[in-house]
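S.K.: Here's the letter readout for the chains.
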Amino acid sequence: MREVLSVSETSGKISVNCVVNGDAVTLAAYPLARLLDVLREELRLTGTKEGCGEGECGACSVIINGELVNSCLVPVAQVRGAEIKTIEGVASGEQLDAVQEAFIECGGAQCGICTPGMVLAALNLLEQIPQPTEADIREGLAGNLCRCTGYMKIFESVVRACERTGAGS
Amino acid sequence: MRAYLPGYELVVPRDLAEALALLRDEPGAWKPFAGGTDLMVLFEAGRLAHRKFFSILQLPELRGVEETSEHVTLGALTTYTEVQRHATLRREFPMLCRAARETGGVAIQNRGTLGGNIANASPAADSPPALLAYDAQLELISAAGSRWVAYGDFHTGYKQTVMRPDELVARIRCPRPSTNAKQYARKVGTRRAQAISKICFAGLAEMFDGRVAEIRLAFGSVAPTVVRCRRTEAVLSGQKIDAATIRAARSELAVEIAPIDDVRSTAGYRLRVALNVLEEFLSRLAANE
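Chains as they are written, first to last, in my numbering: chain A, 1 to 169; chain B, 170 to 458.
Incorrect hints may appear among the rest.
[Claimed, not checked] Here are the simulated lysine-lysine pairs, DSBU-like style, with alpha carbons at most 35 Å apart: (1) B:Lys221 <-> B:Lys200; (2) B:Lys221 <-> B:Lys328; (3) A:Lys13 <-> B:Lys221; (4) A:Lys13 <-> A:Lys85; (5) A:Lys13 <-> B:Lys328; (6) B:Lys409 <-> B:Lys351; (7) B:Lys221 <-> A:Lys85; (8) B:Lys328 <-> B:Lys200; (9) A:Lys13 <-> B:Lys200; (10) B:Lys351 <-> B:Lys328; (11) B:Lys351 <-> A:Lys85; (12) A:Lys85 <-> A:Lys153.
Keep in mind that the hints were calculated from the coordinates and are not lab data.
As the structure is a prediction and not an experimental result, all values here were calculated from the model.
Required output: the full structure, derived from the provided sequences and hints.
M.R.: Here it is as structure tokens:
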């Protein structure tokens, strides 16, 4: 049976201003609402996926103020004023990012659930380390799980992306 | 079952004084919420018992790393990523950097904080054994003022600490280890990345004239709290390290720790690995590695 709370024991929705993929937005949500749910349900940005819901799988990865995070672990009250990038903000119009191109070329996407998180983790890695070693790539992707277990192709996609951006590894 | 979202509060104080006033005015009613990497997991699983939280993640007063000739002092909100990137920490506190690197993946490391790792008081946390081996001290602050406590005295029982309900962990201060100090840390988990420890060890020692002049041994996941193994340290103190001292240290450690069976491992495995990891550290000391 669901616990009954009186009005005084419940919090109201709060209003949170932030920037999502370059657009200023105002979100209305309960303070502990997961950023993941707000992105998907309020903003209809369903590219961000839910996998485990406990920070283990990386399917819900987004970039907040330049840092990769699991959006299932971020309460909306903590993104006031933040700049958020989701998978929908990676391409410029029809022009895919080099990382996305590489995933297509190398078959880095199978069922597709882990792919948005993998792409964002790879982008974040290349931002931090433009010329990653193989070990850097493995470590940069270590928080992202692929249930199809297509890890080698994902790894090769990131190596290809490095080559395409001229960084090399 | 998922939690009932409107039943939870998360307020965002404008500054540290406002946060401390919340704790002062209603002691026990409000709890701090930093990176959320543990609390949000409990919340989603419907196991977050407490309802009223205040965010501290936005407070600059709890950030930053300061250095003096004797200490390095870390703000409680220092993330695992910030630990790994800090030049002095990389050079002088490799065990802490290693723990930071082995905690979760990049996305967790960007969000999880040292203060949260400490205050959450899990016996399986990864940075506490290193902090114990570094003989860290914690600054606890409240509206009434601040006090420093030895981290070795902080945990009093499973998820229990000496913190009062009106206090926050503000800073972590570690004495800079001597350049002669030997440091060795080892985490054993199911997978190298993103796994919670089966056991976690950090050891720091200084040798003088072939004998142990100073030694600190700390473990995670072998007792209800992270532990400093002072009895085993006493067995080793002043000794040359040879087969006999290693045997004696293993025997003492075997009775000093009390690992259990749980979802991640068994008591028997943990005990065996803890003894082996201790031996590996001591063998390296003996070989002057």
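S.K.: Going through the earlier hints one by one, which of them does the structure break, listed in rising order?
M.R.: 11
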